[in-house]
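Chains as they are written, first to last, in the working numbering: chain A, 1 to 152; chain B, 1001 to 1260.
This list has only true hints and no planted wrong ones.
Have a look at the derived ranges for each label pair, beta carbon to beta carbon:
1. B:Thr1252 x A:Val26: 20 to 30 Å
2. A:Gly51 x B:Ala1012: 42 to 52 Å
3. A:Val90 x B:Gln1075: 32 to 42 Å
4. A:Thr5 x B:Ser1063: 20 to 30 Å
The list that follows gives simulated cross-link-like pairs (lysine to aspartate or glutamate, EDC-like), each with its CA atoms no further than 16 Å apart:
5. A:Lys54 x A:Asp70
6. A:Lys54 x B:Glu1192
7. A:Lys57 x A:Glu104
8. A:Lys54 x A:Glu85
9. B:Lys1199 x B:Glu1096
10. A:Lys57 x B:Asp1189
11. B:Lys1199 x B:Asp1248
12. A:Lys54 x B:Glu1195
13. A:Lys57 x A:Asp87
14. A:Lys57 x A:Asp70
15. A:Lys57 x B:Glu1192
16. A:Lys57 x A:Glu85
FYI, nobody ran anything at the bench for these hints, they're computed from the structure.
Backbone N, C-alpha and C fix where the C-beta goes; we use that ideal spot for every residue, glycine too.
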Amino acid sequence: MQMRTVEISVGVFVLAGILALIVLVVRVSGVSLTRDEGSYLVYAEFDDVAGLRKRAKVSMAGVTIGRVADIQVNPEYGVAVVALEIDNGVGALPMDTGARILTEGILGARYVGLTPGADPETLEPGDYIEDTQGALVLENLIGDLVTRLGAS
Amino acid sequence: MIRLLRSLGVVALDRLASLGRASVIWGQAVWGLPRADDVPLLIRQIYNIGVLSLIIIVLSAFSIGAVIALQFYTQLQRFGAEDAVGLGLALVLLRELGPVVTALLFAGRAGSAVTAEISLMKSTEQLSSMEMMGVDPLHRIVAPRLWAGLICMPLLATIFNVVAIYGGMVVAVEWLGSDPGGFWSGMQDAVELWEDVGKGMIKSIIFALVVTWIAVFQGYDSEPTAEGIGLATTRTVVLSSVAVLALDFLLTLGMYGEFK
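Isolated chain A (complex conformation):
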């Protein structure tokens, strides 16, 4: 075969590979080409995070506005300290924002749901969310139910 034909087909092949990579990046993994606006951290203490993972969603009114950056336990008070990464595009959150750990569907992944507050003061980066509610653990609920049924 002519060297020129070989060269052209190799060029087409490499181009196809690069185009495919671009499709993977943009279309499949959904990386947006607009610049990331950055994010800031706020913290929340929960009595029980029950299977919340790093990189889980943080959402408000059903819209994803950030990710769980880190989960650590504070052994002194026996609470989990969750670092929440909030996108800068969302802006500052009111001081009395509430945080709850919720579940997608019945068996879905855990995520952090924020309920908006009305305080004119806002959370600064590094602040703690005061109003928190941990995950509903099915075993505890069933345990409660059993003791109540036993008592009545």
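Position chain B relative to chain A; hints supplied.
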């Protein structure tokens, strides 16, 4: 008993010796490139190894994507979770099937051809006459094939993934009527650039290294007889398939083991 032990030792030493030869060949060949005047050789090999493998890769990718989408759809539909088809399809392909199936097809299509070519050159004494003329066969024959394999496999795996995802989309969205919005957005939510696309890419680069290495070495180290050529070709396909599957398990363990 002693004879048994002795023969066992001989086999083990043989294996070690061939591993040693393979490493030396690989090292010398890889350091040999790239030089400016080798580019035509490299392009010729990319054509032989990559472009000619494209048809089999695209055809198998399409049918594999279609089959996975069909299976996912029928199972997920029972839970009303058809939207997860795109997500499952993309994760399965990017993390496992894309790199692995491409490597297996590559071993069968390109690896065997490379082995047969080199071992035929050896048995017709083209390699030794090259040496006689002062041309280093490692540099002229082996190095371009190694590099071409290393360049082609990630490209082929990427093309495989994209074609398979679109094949799955044709089945799930066009035929079975699942919602295209759910298909794509579920996929985009779950797939992460480094965790899925990047690590899959690393897998395919490692597979490329292993498969081309095995193919080139089996050819270079074959018995210079008609039977030897057949044996070397078979060995390339068998060894690279086993190596790819075993390595894939180890890589997955290392990459995703503690993660989920």
